[in-house]
Amino acid sequence: MADNNVGEGYPRMEIMLGNEAVARGAYEAGVKFVSSYPGTPSTEITETIAKYDEVACEWAPNEKVGAEAAIGASIRGARAMTCMKHVGMNVCADPLFTASYSGVNGGLVFCVADDPGMHSSQNEQDSRHYARASKVPMLEPSDSKECRDFTKYAFELSEKYDTPVIMRLHTRVSHSRSIVQVNKPEDITVKEYTKDPAKYVMMPANALKKHIVVEDRTRKIIEDTQANGGEAGMHRVEIRDTKLGIITAGAAYQYVRDAVPDASVLKLGMVWPLPEGLIRDFASKVDRLVIVEELDPFIENEVKAMGIECEGKELFTLLYEYSAAMIRKALTDLPLPVKSIDTDKLPKAPGRPPVLCAGCPHKGLFLALHRLKVTVTGDIGCYTLGALPPMQAVDAVICMGASVGMAHGFDKATDGEASSNTVGVIGDSTFLHSGITNLMNAVYNESSITLIILDNSITGMTGHQQNPSTGYNIRLEKAPQVSLEKLCESVGVYPENIRVVDPVDTFGTEQVIKEELGKKTVSVIIARRPCALIPTGRAKKGINVEVDYDKCKKCGACGRIMCPALIMGEDRMPVIDTEACNNCGLCVNMCRFDALKKGAE
Amino acid sequence: MSDKLEASIVLEGVGGQGTLIAGKLLGILAMKLGLDVKVSEVHGMSQRGGSVITYVKIAPEVHSPIIEEGTADYILSFEEVEAVRWAGLLKKGGVMIVNKQQIKSLPVLMGQMQYPDNVIESLRENADPDAKIVEIDALSLAMETGTSKTVNIVMLGALSNYLGVDEGLWKEAIEEAFAAKPKTIPGNLDAFAKGRANG
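So the protein lines, in turn, are chains A and B.
Residues in the first sequence are numbered consecutively from 1, following my numbering.
Residues in the second sequence are numbered consecutively from 1, following my numbering.
Some clues are possibly wrong.
[Claimed, not checked] Restraint-style ranges between C-beta atoms, simulated for each label pair:
(1) L169/B / E570/A: 48 to 58 Å
(2) H464/A / D130/B: 53 to 63 Å
(3) L169/B / T242/A: 18 to 28 Å
(4) R572/A / R124/B: 31 to 41 Å
(5) D137/B / Y320/A: 32 to 42 Å
(6) R124/B / R592/A: 14 to 24 Å
(7) K313/A / D137/B: 44 to 54 Å
(8) D94/A / D130/B: 58 to 68 Å
(9) D130/B / Y320/A: 24 to 34 Å
(10) P197/A / A180/B: 44 to 54 Å
By construction, these hints were calculated from the structure, which means they are not laboratory data.
All C-beta atoms, glycine included, are put in the ideal place defined by N, C-alpha and C.
Whole structure, please, built from the sequences with the hints as guidance.
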């Protein structure tokens, strides 16, 4: 690959996260535009790109929007990229499948991060299926060095074969730091744009012809990458002991190397399309062929379809992350490492379940919902934690935006009856991602749902990214701000049904929810208070709630909010952790005896 | 000696204690030694107060970024109960450095679960004779530097007694890791010295 533009201060070695290395690779490749929606474990790619001033970089309201903007930039001649977590690929699948037909002008890269083991995801889908289904090549790096190298190569590949290219990452690659050689970035160039409807207007007459091009392209890529993964040498054949041969890719390659260091390995850099000739050749050299891949038998099924005998999922699970020990156990009689400490005899370690932070605005709302004993259709964000004890207020969580649609479904399944005791709960960012279309549907189809938008002015769970309702862009510059009230009104919610509450006023919030549940038309309650971890939501240092122990009647009401800053003593009197307390005053509102007082701001 | 260093180091504790920065610093140190290194961390769902773990593997060539059961040469436990949670990672003959700090989680604060007593004693009682359990009051030592934020560097100071890496190189790594916040460098160097003297 073109990597010889070494300038002053280059090359140099840096230690970086896989995600940072992807950003670096894109930057060195001269990427002009990146548009993404945050999602763990992919978020740092776009955050790192934002630090390169010359790249136009933005948070899009959802993955489909980000992908379409990147497609536009590519057609206009710029190198462009969009990044997402695995479930984000579901959202942008529509543009992906047809961008495969239209192809590109400037190089176009889709970056998708899977999450085997579901460290922070709602499912464990294997995004490799998208590469095969959309007929788009997919590269899979196994460490930060390859993240940088492969991303850079992905742009070249994209332009050479006139196709989008998918970079597949996963948690252990995205969130591991390793050493990367950093080179001088190429200058950003934007190619000429020439009107070419036969290429870019995907209507049947044109798409019929393009489908032929797509199939030819896949055949050509297989031919060209057969030997070693093309010019970049993306595939690697490591012949050691030939009694055991393993085909693998990504992080699984790293586990294999630790588990069976003597085995021969075919490490695939491109996992779609697969290099049939190279696989046949490798298979012929080893006595026993085993496919080691996390999640689905993707490579295995392809190898078996080639008529090559191999083992795979009869040895390994479809579930969760793999490990070196697990692979060693499945493939060898070698002893496993022995623990130094007999952990069975240790005392039990109490867990640290994820909890809503001290001062979290969601807490007051969930207390209100808990008291009202309503059915809650939930959504994706910190507020999913409302499903856990003590509130246990959330009944169903599926995907981004589904809270609104599910509430509507409850309404329609019961001819409106369920809406008297059902609410949908969704965050500001998630609402703009895909809740708004659901709300439009609910109004249009005359639902009587009550939707609560938890507007904490940030995308919280992924680590505080801006969105169109916060008033700031990805570089924290002032940006135009969507008004949630006006937006809801514009899709037909009656102005008198749009209520704004402060969720710390948990009893006032409860009253408003009751009123809106009684209405036969769509209602939206905006529970507005900034996240306690962002500057606008944080209390001044040294200001916190104080306890008047003379007034405390030991009723325990303040303890019910489960605030990490309020410790209930054995005497049932509260102790405030002054470091942690955010002075929100929720506990003050819970106290009927005036024993708690907010610090003066 | 240090250019032949091979070490699997686990840093674990509670979100907010600075394990991530300590992991990054070890990465810088390994690069200064001309060695391969991988530092693995898990983000998301680990907001303040969650159990956090960072794996650091240093060797001439590192493959898997994960440190598995019975394979850690060193465990730096920033909190007592977390030491119990991750104790199974320590390998035969490994060293575990435990900060005496106790951070009670919500189930403990709410009285639903018991915070265990005598954690360090029970670790010692149930460890192989060739394993070493080192106790350190990193929080108090950090407070002597003026802020609890240096607990992580105190812990690295304690670790430095075992790694056999030249002290000057550690100092360079600290200076590099905090280059963006130069005011914090003296305090962190101080924290390192205190950890080294007490670990």
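Outcome of the hint check:
no.	hint	in the structure
1	L169/B / E570/A: 48 to 58 Å	holds, 49 Å
2	H464/A / D130/B: 53 to 63 Å	violated, 46 Å
3	L169/B / T242/A: 18 to 28 Å	violated, 42 Å
4	R572/A / R124/B: 31 to 41 Å	holds, 36 Å
5	D137/B / Y320/A: 32 to 42 Å	holds, 38 Å
6	R124/B / R592/A: 14 to 24 Å	violated, 49 Å
7	K313/A / D137/B: 44 to 54 Å	holds, 50 Å
8	D94/A / D130/B: 58 to 68 Å	holds, 60 Å
9	D130/B / Y320/A: 24 to 34 Å	holds, 33 Å
10	P197/A / A180/B: 44 to 54 Å	holds, 51 Å
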